Amino acid sequence: KAVGKIKANDEDLGVNAEMTYRITNEEGAAMFSISTDSDKREGIISLRKPLDYEKKKAYSLNIEGVNTHLDPRFSYLGPFKDTTTLKLIIGDVDEAPVFTMDYYIMDVYENAPAGTEVGMVTAQDPDSTRSKV
Numbered sequence: 001k002a003v004g005k006i007k008a009n010d011e012d013l014g015v016n017a018e019m020t021y022r023i024t025n026e027e028g029a030a031m032f033s034i035s036t037d038s039d040k041r042e043g044i045i046s047l048r049k050p051l052d053y054e055k056k057k058a059y060s061l062n063i064e065g066v067n068t069h070l071d072p073r074f075s076y077l078g079p080f081k082d083t084t085t086l087k088l089i090i091g092d093v094d095e096a097p098v099f100t101m102d103y104y105i106m107d108v109y110e111n112a113p114a115g116t117e118v119g120m121v122t123a124q125d126p127d128s129t130r131s132k133v
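If you read the sequence shown in UniProt numbering, its first letter stands for residue 1, the second for the next number, and so on.
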């Protein structure tokens, strides 16, 4: 799923303005991928794995934009490229509580008065490791 776009400015025209994007750091490349939209000359950032706010709240991506066509007159200068760092802040999404068991069986006598405690169920809140619901 695409989560964002990035675009480098290149004053060149035609094929000299064409570029590709790549994520150069391990942490970034493990969680995100980047593809190049050649028509718009943008990098499309997508998820490789689901995000989990409770495990990691931010990611830094080192992104490199590289011209795909090197003008032979400037080949001695090496590839024309630039890098930037993109910081992604992950937003928390409230998750529903999860019961600690799939089902519960409790017995109660038919003549039990109103308000009689018949048992207890527990659930965990995935948003907090210490919170029982």
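Mixed in with the good hints there might be a few duds.
[Stated by the list, open to error] Below, a list of computed lysine-lysine pairs in the BS3-like style, where the Cα atoms sit at most 30 Å apart:
{"#": "1", "residue 1": "K5", "residue 2": "K40"}
{"#": "2", "residue 1": "K40", "residue 2": "K87"}
{"#": "3", "residue 1": "K5", "residue 2": "K49"}
{"#": "4", "residue 1": "K81", "residue 2": "K55"}
{"#": "5", "residue 1": "K7", "residue 2": "K40"}
{"#": "6", "residue 1": "K7", "residue 2": "K56"}
{"#": "7", "residue 1": "K5", "residue 2": "K57"}
{"#": "8", "residue 1": "K87", "residue 2": "K49"}
{"#": "9", "residue 1": "K81", "residue 2": "K1"}
{"#": "10", "residue 1": "K56", "residue 2": "K87"}
{"#": "11", "residue 1": "K49", "residue 2": "K1"}
{"#": "12", "residue 1": "K87", "residue 2": "K57"}
{"#": "13", "residue 1": "K87", "residue 2": "K1"}
{"#": "14", "residue 1": "K56", "residue 2": "K1"}
{"#": "15", "residue 1": "K56", "residue 2": "K5"}
{"#": "16", "residue 1": "K81", "residue 2": "K7"}
{"#": "17", "residue 1": "K5", "residue 2": "K81"}
{"#": "18", "residue 1": "K7", "residue 2": "K57"}
{"#": "19", "residue 1": "K87", "residue 2": "K55"}
{"#": "20", "residue 1": "K81", "residue 2": "K49"}
Keep in mind the hints are simulated off the structure, nothing from the lab.
The structure presented is a predicted model; accordingly, all values stated were derived computationally and were not measured.
Hint-by-hint comparison with the structure:
| no. | hint | verdict |
| --- | --- | --- |
| 1 | K5 / K40 | 11 Å, holds |
| 2 | K40 / K87 | 22 Å, holds |
| 3 | K5 / K49 | 18 Å, holds |
| 4 | K81 / K55 | 33 Å, violated |
| 5 | K7 / K40 | 9 Å, holds |
| 6 | K7 / K56 | 26 Å, holds |
| 7 | K5 / K57 | 20 Å, holds |
| 8 | K87 / K49 | 17 Å, holds |
| 9 | K81 / K1 | 27 Å, holds |
| 10 | K56 / K87 | 13 Å, holds |
| 11 | K49 / K1 | 10 Å, holds |
| 12 | K87 / K57 | 11 Å, holds |
| 13 | K87 / K1 | 18 Å, holds |
| 14 | K56 / K1 | 19 Å, holds |
| 15 | K56 / K5 | 21 Å, holds |
| 16 | K81 / K7 | 13 Å, holds |
| 17 | K5 / K81 | 18 Å, holds |
| 18 | K7 / K57 | 24 Å, holds |
| 19 | K87 / K55 | 16 Å, holds |
| 20 | K81 / K49 | 28 Å, holds |
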